[in-house]
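S.K.: Turn these sequences into a full structure, and let the hints guide you.
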Amino acid sequence: MEFVEKARIMDGMRINRALARLASEIVEENHGAGHLYLVGIQRRGVPLANRLADKIADLEGERPPVGVVDITLYRDDLSTVGANPIVNRTDLPIDVEGRNVLLIDDVLYTGRTIRAALDQLIDFGRPRRVQLAVLIDRGKEHRELPIQADFVGKFVPTKKSEIIKVMLDDIDGEEAVAIVERPPAEES
Amino acid sequence: MKATLKQKNLLGIRGMSAGEITHVLDTAENFREISEREIKKVPTLRGRTVINLFFEPSTRTRTSFEIAGKRLSADVINISSSSSSVTKGETLLDTARNLEAMSPDIIIIRHPSSGAPHQLARVCRASIVNAGDGAHEHPTQALLDALTIRQHKGGFERLRVAILGDILHSRVARSNAHLLTTLGATVALAGPGTLAPPEFASLVEGGSLRVERRIEDAVADADVVMVLRIQRERQDKAFLPSLREYAVHFGLTRKRLSLARPDVIVLHPGPMNRGIEIASDVADGSRSLILDQVANGLAVRMAVLYLLGGGAATTTPNTNPVSQVKSENESATTQAEQLKFAVTAGGSEGSSS
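In order, the protein sequence lines correspond to chains A and B. Residue 178 in our numbering sits at position 184 of the first sequence; the count goes up by one each step and never skips. Heads up, our numbering is the position in the second sequence plus 316, with the first residue counted as 1.
Hints listed in this document are in silico derivations from the structure and should not be mistaken for laboratory results. Be aware that a few hints might be false.
Here are the computed distance ranges between Cβ atoms for each label pair [to be verified]:
hint, chain 1, residue 1, chain 2, residue 2, range
1, A, N10, B, K469, 38 to 44 Å
2, A, D52, B, K571, 55 to 61 Å
3, A, R83, B, R413, 39 to 45 Å
4, A, D70, B, G470, 49 to 55 Å
5, A, D52, B, T375, 54 to 60 Å
6, A, L53, B, G500, 47 to 53 Å
7, B, T375, A, I88, 32 to 38 Å
8, B, G471, A, G55, 40 to 46 Å
9, A, D89, B, G522, 36 to 42 Å
10, A, G92, B, R590, 45 to 51 Å
11, A, D89, B, R530, 35 to 41 Å
12, B, K469, A, L53, 41 to 47 Å
The beta-carbon is built from N, C-alpha and C at its ideal position, and this holds for glycine as well.
M.R.: Pasting the structure below:
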């Protein structure tokens, strides 16, 4: 399926600035990085979590631990998506018990991914607190569950027909955030 | 683009593409972590029903499938031949139709007759997983062997694999021969002439499969040595003079293993006959990965259940099984015909686990 790019809303510089601001908001809100545990949601949440951990280390002199969750096995649409989605690695190197877990994803849209991540996290233990940081929030009107982000890199109101495409060096070989759209069906 | 498992059933390795096999292995690799969690369970197959239908004794494979299903939150029901209506004379198809009426999502079957899972696939809406049919195929065993090999060798290209022992009765050997050659390995089969007939080289086209008369010739410079179980229950037809003689001429000893590459790994599908096909010091030695195989077996079976059972169920019964199938009552053939059949599609009487 071909998508048409409508607009580039962030470049590498802007992504980096947004992450720097998020990092300082996170340490301010949590009074330091003491019990913080950054957990990236596969796939683009993972490099974002690592970059935030680096920036928090610059601010606090201590790099919080970083974990990875893959929510595929916790999806609520497995019986309807046809071919099964690829299962990626889940890796929580330290116990979530008693930690301030910060879930990190690239885009917040319906909230269903975050629901799945929360369910999975709770299967690993009982965190003291769970917060959510996202690079892009597409707006509350798209939410299908009562889930909001605690830290937002950029708020981007979008239509349902649009898709936010986050591209990161580690996965996509370039740094950008774009709005793309499926072209309207051609008249035949 | 990444390959996905297009088929509804897992009946055999033969007919699977390298991409499909790799997709199962990649998925299995990521399932290993679930078994290391404190709560070893994910909700993926909640509300799905998995039936373990075993017409042959099995502990390892049946338990492995059962735990795999349970860790994915499926409801798993075990039916074994000794405690079912099969002993009361019900045919396989009638059993299948009755199970179908209870709408299971996946049926895992082990049967002494080659092709039994294919027969089931033709009448059932549920996905069918072959857990060993006669001497034909045992696909999840080959997949777990491959996962173990890949973890230690990185890949399969130009890898030299020796498979030793009772090739004739072994569905493990057949599935492995198909899988390993599909992924680019070279396979040498070896065993006594009665149990490793030269015709087996034609199981796979392209010359990447050969049969050696002496196991030393198969083991020489091998990266992987796979030892098969001598099926004592099938040795009444004078395939072997004695088990003792087998151990002397064909058992994997430390001395024979020293002909292989120094970083060789040793696999055995279990259960082992210590001192017969494999010496105890080899089985327990540092090159042996027999317990890794069991852990990987669980991950592979979780991956297979996920890939077949997690997505939207297709509703048409499978009508195009990849392998030729022979029904039970057709097996009254001559020894030569049986052997030929055994080479191409698996005999109807042998088995292994």
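S.K.: Starting from the hint 39 to 45 Å, judge whether the C-beta atoms of R83(A) and R413(B) obey it.
M.R.: holds (42 Å)
S.K.: Assuming the hint says 32 to 38 Å, is it satisfied by the Cβ distance from T375(B) to I88(A) or not?
M.R.: holds (36 Å)
S.K.: Can the suggested window of 35 to 41 Å be confirmed for the beta-carbon pair D89(A) and R530(B)?
M.R.: Violated - the Cβ-Cβ distance for D89(A) and R530(B), about 54 Å, lies outside 35 to 41 Å.
S.K.: Using the beta carbons of G471(B) and G55(A), state whether their distance is inside 40 to 46 Å or not.
M.R.: holds (42 Å)
S.K.: Taking the Cβ atom of N10(A) and the Cβ atom of K469(B), is their distance within the range 38 to 44 Å?
M.R.: With a Cβ separation near 41 Å, N10(A) and K469(B) satisfy 38 to 44 Å, so the hint holds.
S.K.: Against the range 36 to 42 Å, how does the distance between the Cβ atoms of D89(A) and G522(B) compare: consistent or not?
M.R.: violated (51 Å)
S.K.: Regarding K469(B) and L53(A), is the given constraint of 41 to 47 Å on their beta-carbon distance met?
M.R.: Since the Cβ atoms of K469(B) and L53(A) sit about 44 Å apart, the hinted range of 41 to 47 Å holds.
S.K.: If I claimed the Cβ atoms of D52(A) and K571(B) lie 55 to 61 Å apart, would that claim hold in this structure?
M.R.: holds (60 Å)
S.K.: Just tell me: holds or violated, for the beta carbon distance of D52(A) and T375(B) against 54 to 60 Å?
M.R.: holds (56 Å)
S.K.: L53(A) and G500(B), beta-carbon distance inside 47 to 53 Å?
M.R.: holds (50 Å)
S.K.: Could you tell me whether the CB distance from G92(A) to R590(B) stays inside 45 to 51 Å?
M.R.: holds (48 Å)
S.K.: State, for the Cβ atoms of D70(A) and G470(B), whether the hinted interval 49 to 55 Å holds or is violated.
M.R.: Cβ of D70(A) to Cβ of G470(B): about 37 Å, so the range 49 to 55 Å is violated.
In terms of the numbered hints stated before, the structure departs from hints 4, 9 and 11, listed from lowest to highest.
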